[in-house]
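Engineer: Next come the chains, spelled out residue by residue.
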Amino acid sequence: MNLQAEIPLHYMIVLSTLLFFIGLVGVLIRRNLITMLMGIELMLNAVNINFVAFNHYLYPHRFEGHFFALIVMAIAAAEAAIAIALIINIYRKFSTVNVDDVDELKY
Amino acid sequence: MNWDTLYILRQEILLTVLILIQLIGDLSEDEKRSRIIHVTLSSFLLFTLVGFLPGEPASLFGGMYVSDDLRTLLKNILSISTLIILLQSSSWLQQPSNQTKIGAFYLSLFSTLMGMYFMIAAGNFLMLYLGLELATLPLTLLAAFDKQLRRSAEAGVKLLMSSAVSSAILLFGLSLIYGVYGTFYFTELSVLNDSSYLSILALIFFISGLAFKLSLVPFHLWTADVYEGAPLSVTSYFSVVSKGAALFTLMLVLFRVFALQHATWTLALYILAISTMTVGNLFALRQKNMKRFLAFSSITQAGFMMLGFMNVGSLGMTTLVYFMLIYALSNLAIFGVLSMVSNATGKESMDDFNGFYKTNPGLSLIMLVSLFSLAGIPPVAGFFGKFFLFTAAASSGMYILVLIAVLNATISLYYYLLVVKAMFINTNDTPIPTLHTTSYEKAAFVLCLMGIAGIGFMSSLYDYIQGLM
Chain A
1 MNLQAEIPLH
11 YMIVLSTLLF
21 FIGLVGVLIR
31 RNLITMLMGI
41 ELMLNAVNIN
51 FVAFNHYLYP
61 HRFEGHFFAL
71 IVMAIAAAEA
81 AIAIALIINI
91 YRKFSTVNVD
101 DVDELKY
Chain B
1 MNWDTLYILR
11 QEILLTVLIL
21 IQLIGDLSED
31 EKRSRIIHVT
41 LSSFLLFTLV
51 GFLPGEPASL
61 FGGMYVSDDL
71 RTLLKNILSI
81 STLIILLQSS
91 SWLQQPSNQT
101 KIGAFYLSLF
111 STLMGMYFMI
121 AAGNFLMLYL
131 GLELATLPLT
141 LLAAFDKQLR
151 RSAEAGVKLL
161 MSSAVSSAIL
171 LFGLSLIYGV
181 YGTFYFTELS
191 VLNDSSYLSI
201 LALIFFISGL
211 AFKLSLVPFH
221 LWTADVYEGA
231 PLSVTSYFSV
241 VSKGAALFTL
251 MLVLFRVFAL
261 QHATWTLALY
271 ILAISTMTVG
281 NLFALRQKNM
291 KRFLAFSSIT
301 QAGFMMLGFM
311 NVGSLGMTTL
321 VYFMLIYALS
331 NLAIFGVLSM
341 VSNATGKESM
351 DDFNGFYKTN
361 PGLSLIMLVS
371 LFSLAGIPPV
381 AGFFGKFFLF
391 TAAASSGMYI
401 LVLIAVLNAT
411 ISLYYYLLVV
421 KAMFINTNDT
431 PIPTLHTTSY
441 EKAAFVLCLM
451 GIAGIGFMSS
461 LYDYIQGLM
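If you read the sequences in order, they're chains A and B.
Numbers 1 to 107, taken from this note's numbering, label the letters of the first sequence in order.
Numbers 1 to 469, taken from this note's numbering, label the letters of the second sequence in order.
No lab work stands behind these hints: they were computed from the structure.
Note that this is a predicted model, so its numbers are computed, not measured.
Worth double-checking, as some hints may not be accurate.
Unchecked claim - Heads up, simulated SDA-like pairs for lysine to any residue below, C-alpha to C-alpha not over 25 Å straight-line: (1) A:93 / B:103; (2) B:358 / B:434; (3) A:106 / B:146; (4) A:93 / B:148; (5) A:93 / B:348; (6) B:147 / A:94; (7) B:147 / A:7; (8) B:147 / A:100; (9) B:421 / B:378; (10) A:106 / B:351.
Can you make the complete structure from the sequences, with help from the hints?
Structural biologist: Quick look at the structure:
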């Protein structure tokens with residue numbers, strides 16, 4: 001099956017843009033730190049779709065986009081590891097992971 | 001891989017050695033742990049000096065890593081600032097509560113410095129992104145370093161969330177750049193020009209991502225909280241080294257890679273400059289905590305830095321590097337005094353500095369000179385830094401922006417003088433006791449003061465920077 005003939009590029013771009021902004025809105029309106037982390041992962045995955053789609057459709061003879069997507073995945077894993085560690089630290093100190101209750105520092 | 005390659009990578013390799021020393025040092029017995037401070041400081045001094053060895057322009061790993069005189073200078077500015085921070089943090093690290101965490105502190109600090117080196121040396125956006133993440137992730141650990149304190153834990157998680165979002169935004173910009181141009185290499189990108197809406201959007205996303213790191217308004221909301229919650233040595237690292245690396249990266253990418261699209265990014269940074277200067281100033285006026293006050297002061301200074309981007313030529317870049325050097329030294333001197341006070345008494349509020357001159361005349365004079373330098377009062381270097389920045393913007397005909405910047409510089413004088421007034425004029429029944437300055441701290445202050453007093457009059461330094469562009 002020829003993917004290019006079935007699904008045009010702009011479908012991919014619309015998908016990734018929607019996914020990116022769903023992730024961004026998720027980070028902004030959700031109050032649970034773990035859920036906010038999921039929003040960030042969603043944004044990174046949207047970026048990955050972009051990289052792979054651009055590479056596959058526009059520059060099929062090069063592999064830079066694929067490599068970048070792989071590296072983004074690795075970094076996202078590292079980021080999640082640190083985030084979980086810090087969130088556990090927050091839970092120990094505040095007994096909650098709701099950001100509204102983590103309000104030691106204020107104007 | 002031959003000797004030349006190793007020589008070009010000398011700073012990165014030595015930094016790796018420093019990181020490995022920390023891992024070995026952590027194996028030693030607990031009561032002998034603080035010896036590692038002296039070992040690290042002397043080897044870091046050596047590392048800083050090695051950076052000044054002359055080198056040829058070179059490009060390694062198929063263009064991924066670029067080295068030239070300008071990039072070496074930028075790295076050296078960062079390593080000198082880090083050296084001063086290490087000197088200032090030595091007495092803080094010797095406190096009993098931190099003794100077991102010395103290795104962790106140095107390890108994270110050097111990892112972030114390594115990331116910043118790769119950001120500056122990048123010849124490809126992939127390298128830039130990797131460097132950025134290497135610089136950001138250990139930094140969040142440093143912000144949460146006082147893990148028994150609630151505010152430090154909160155600062156860490158706030159920094160992590162905002163920097164993760166900002167790097168996702170930056171990445172989205174990079175993916176669009178890839179879609180438009182089909183390459184990540186700076187040398188290939190610099191000759192391509194595309195004025196489609198997609199490329200403008202990509203550039204805006206990219207600038208927004210880095211504006212988070214530079215804490216430009218409206219991307220500044222994490223700054224004050226993280227500065228307040230983090231330990232003081234880490235705060236000074238944020239406000240000087242981390243900000244400097246972000247500024248240098250933005251400068252190299254915009255001036256060297258996207259020079260042809262300068263109309264787009266000049267407009268974007270014009271708006272950011274005005275909002276950053278004004279909002280930073282207005283919030284700095286009402287701060288009572290010294291750390292928050294310096295956070296907003298550093299936001300304002302970042303707004304002034306944006307003026308250098310208005311001149312799309314060697315003048316703009318020269319003034320940016322020159323201003324950053326002066327800003328780094330002035331800020332580090334203030335943070336040095338603050339961390340001495342905070343280590344001895346735990347006081348961080350502006351009112352606590354009332355009558356500081358009576359008990360600590362030397363330290364308050366250092367504060368005075370550095371605050372004047374930040375405010376831009378003539379004999380000290382800060383004046384020349386600001387003056388050249390305003391010249392850069394004025395030479396592009398942006399007189400309205402310069403007018404707003406001058407007004408903001410005047411407002412900023414008011415709150416810098418508030419601190420001076422507290423130290424010299426206000427009286428206090430329970431002033432801060434006379435503080436003992438260790439020889440490491442003296443060395444740090446001497447380095448800062450030499451820079452603040454001398455750089456303004458060393459026109460050869462300005463000419464040297466200009467010659468590198």
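Engineer: Could you run down the list of hints and mark each one as holding or not?
Structural biologist: Going through the hints against the structure:
1. For the hint pairing residue 93 (chain A) with residue 103 (chain B), the CA-to-CA distance comes to about 24 Å; that is within 25 Å, so the pair holds.
2. Note on residue 358 (chain B) and residue 434 (chain B): the hinted pairing holds, with a Cα-Cα distance of about 9 Å set against a maximum of 25 Å.
3. Simply put, residue 106 (chain A) and residue 146 (chain B) have alpha-carbon atoms about 19 Å apart, close enough for the 25 Å limit, and the pair holds.
4. For the hint pairing residue 93 (chain A) with residue 148 (chain B), the CA-to-CA distance comes to about 8 Å; that is within 25 Å, so the pair holds.
5. Only pairs whose Cα atoms come within 25 Å are accepted, and residue 93 (chain A) paired with residue 348 (chain B) is accepted, the gap being roughly 22 Å.
6. A distance of roughly 12 Å separates the Cα atoms of residue 147 (chain B) and residue 94 (chain A); the hinted pair therefore holds under the 25 Å criterion.
7. Between the alpha carbons of residue 147 (chain B) and residue 7 (chain A) the distance comes to roughly 50 Å, so the proposed pair goes past 25 Å and is violated.
8. Using a Cα cut-off of 25 Å, the hinted pair residue 147 (chain B) and residue 100 (chain A) holds, with the two alpha carbons roughly 20 Å apart.
9. For the hint linking residue 421 (chain B) to residue 378 (chain B), the alpha-carbon distance of about 19 Å falls within 25 Å, and the restraint holds.
10. Between residue 106 (chain A) and residue 351 (chain B), the direct Cα distance comes to roughly 19 Å. Compliance with the 25 Å bound is thereby established for this hinted pair.
Hint 7 alone, counting from the list given before, is not met by this structure.
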